[in-house]
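Number of protein chains: 6
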Amino acid sequence: MPIVTIQVTREGTKPGAKSVTAEEKAQLIMGVSKLLLDVLNKPLESTFVVIEEVDTDNWGWGGLPALEYRRQRAQTPR
Amino acid sequence: MPIVTIQVTREGTKPGAKSVTAEEKAQLIMGVSKLLLDVLNKPLESTFVVIEEVDTDNWGWGGLPALEYRRQRAQTPR
Amino acid sequence: MPIVTIQVTREGTKPGAKSVTAEEKAQLIMGVSKLLLDVLNKPLESTFVVIEEVDTDNWGWGGLPALEYRRQRAQTPR
Amino acid sequence: MPIVTIQVTREGTKPGAKSVTAEEKAQLIMGVSKLLLDVLNKPLESTFVVIEEVDTDNWGWGGLPALEYRRQRAQTPR
Amino acid sequence: MPIVTIQVTREGTKPGAKSVTAEEKAQLIMGVSKLLLDVLNKPLESTFVVIEEVDTDNWGWGGLPALEYRRQRAQTPR
Amino acid sequence: MPIVTIQVTREGTKPGAKSVTAEEKAQLIMGVSKLLLDVLNKPLESTFVVIEEVDTDNWGWGGLPALEYRRQRAQTPR
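First to last, the sequence lines map onto chains A, B, C, D, E and F. Following full-length UniProt numbering, the numbering of the first sequence begins with 1 at its first residue and continues without gaps. Following full-length UniProt numbering, the numbering of the second sequence begins with 1 at its first residue and continues without gaps. Following full-length UniProt numbering, the numbering of the third sequence begins with 1 at its first residue and continues without gaps. Following full-length UniProt numbering, the numbering of the fourth sequence begins with 1 at its first residue and continues without gaps. Following full-length UniProt numbering, the numbering of the fifth sequence begins with 1 at its first residue and continues without gaps. Following full-length UniProt numbering, the numbering of the sixth sequence begins with 1 at its first residue and continues without gaps.
Excised from the complex, chain A in its bound form:
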């Protein structure tokens, strides 16, 4: 009876997309449900998946809003 919650920023990965597409969501749902079947033998029908899309303003990393943190990291020489 697993519950899987996937939190991601609300952004597109495909050109022109402003958020995760319905197809990508379906791939995440199937992928993680199969993983629980393979690793823990949980039947597909007993797994719930919830995808939460979070505005980039509402996501913090490194003490900064996500987009600003990415900008800073991109500029930092390594």
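Bear in mind the hints are in silico, worked out from the structure with no lab data behind them. By construction, the Cβ of each residue, glycine as well, lies at the ideal position given by its N, Cα and C atoms. Incorrect hints may appear among the rest.
[To be verified] EDC-like cross-link-like pairs, simulated, lysine to aspartate or glutamate; straight-line CA separation at most 16 Å:
#1 Lys34/A with Asp57/E
#2 Lys34/A with Glu68/A
#3 Lys18/F with Asp55/F
#4 Lys18/A with Glu45/A
#5 Lys34/D with Asp38/F
#6 Lys14/A with Asp38/E
#7 Lys14/F with Asp38/D
#8 Lys34/F with Glu68/D
#9 Lys34/A with Asp38/E
#10 Lys18/F with Glu45/F
#11 Lys34/C with Asp38/B
#12 Lys18/B with Asp57/B
#13 Lys18/E with Asp57/E
#14 Lys42/C with Glu11/B
#15 Lys14/D with Asp38/F
#16 Lys42/B with Glu24/C
[To be verified] Reference excerpt, derived from the structure (chain B facing chain C, CB under 8 Å, subset only):
#17 Ile6
#18 Leu37
#19 Trp61
#20 Gln72
Since the structure of chain A is provided, determine the placement of chains B, C, D, E and F on it from the hints.
Just chains B, C, D, E and F now, kept in the frame of chain A:
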């Protein structure tokens, strides 16, 4: 000091409604707060309730997006 | 397909009990599942309930650990 | 590697604002990330923060939707 | 910067195991992190995974504690 | 009426401590409650804080269990 989180798909149950109505939400809030009073003796004023409505695309069951899973189950002879 | 998460402090309400009893948990599970059936017409078998018991040290209210906050409130004249 | 989730009602605190502003969100992100650095010595870059804004209809307190509960408390003589 | 939370009952799937093993947990962590890389192009190092094991008493399905629900389903002719 | 959830690995930061101490928890609770008062003008008594300690086996980063990921990062020249 309980916190109750209720996650449901963003769908209407009443004709014409596209989501849970404000009246239904109020019933959920009162119902679950009273339940915690009855069972665990928690005063109403110490219970927080958060209702999260999740788009049907973002909810997975049986390895599929929720609406597709329901369609398949409806077609399966039992 | 609702998911209900109930977070409570790990404490007993019955004399001698140090945590929520199995019977109380069963009452919470049935009560909240029925509520979702009554209010939103969700079948019992499509509702998941997760009860999370949280140590009183790990719960804060009023800027203080829960037990300390209760002590202060009990002493405050109203 | 802390994860901090901050759930607040979707309301403005500044005149004219209908929700938490981007600047307030940035202050929350920085403030809580620094707190984890100060108290638990967690580096800023290992802390994730997620802010969830919840419609006031979807938030319950005292057995009532949040705004109604506030109205009642405001009217109660103490 | 995804966060994936996997909630499962605290049970073993291997003979003699009373909970998810460390190896199974590592497989879940790697599997879901790769899934997010494959589907959404998220680098492994930006994904956090949290596995929450929940006592079977604390998990409800079908209005009942999980183990009781399973017993009933096993007895129901289909 | 904010709810703040702080998830950290169950580890000590002080010499000899195997987990977050009660004093550190109290500092987190007060610190984050004050932050919400300062930034969003939320009264202390309307903020709930829940601290969740997660076993290091149950926390994944970079596709690996947390301790293994840290070991690898410590060995990587930058």
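Now for the hints, and whether the structure bears them out:
no.	hint	in the structure
1	Lys34/A with Asp57/E	violated (26 Å)
2	Lys34/A with Glu68/A	violated (35 Å)
3	Lys18/F with Asp55/F	holds (11 Å)
4	Lys18/A with Glu45/A	violated (31 Å)
5	Lys34/D with Asp38/F	holds (15 Å)
6	Lys14/A with Asp38/E	holds (13 Å)
7	Lys14/F with Asp38/D	holds (13 Å)
8	Lys34/F with Glu68/D	violated (25 Å)
9	Lys34/A with Asp38/E	holds (15 Å)
10	Lys18/F with Glu45/F	violated (31 Å)
11	Lys34/C with Asp38/B	holds (15 Å)
12	Lys18/B with Asp57/B	holds (14 Å)
13	Lys18/E with Asp57/E	holds (14 Å)
14	Lys42/C with Glu11/B	holds (12 Å)
15	Lys14/D with Asp38/F	holds (13 Å)
16	Lys42/B with Glu24/C	holds (13 Å)
17	Ile6	holds (5 Å)
18	Leu37	violated (11 Å)
19	Trp61	holds (6 Å)
20	Gln72	violated (14 Å)
Comparing the model with each numbered hint stated earlier shows that hints 1, 2, 4, 8, 10, 18, 20 do not hold.
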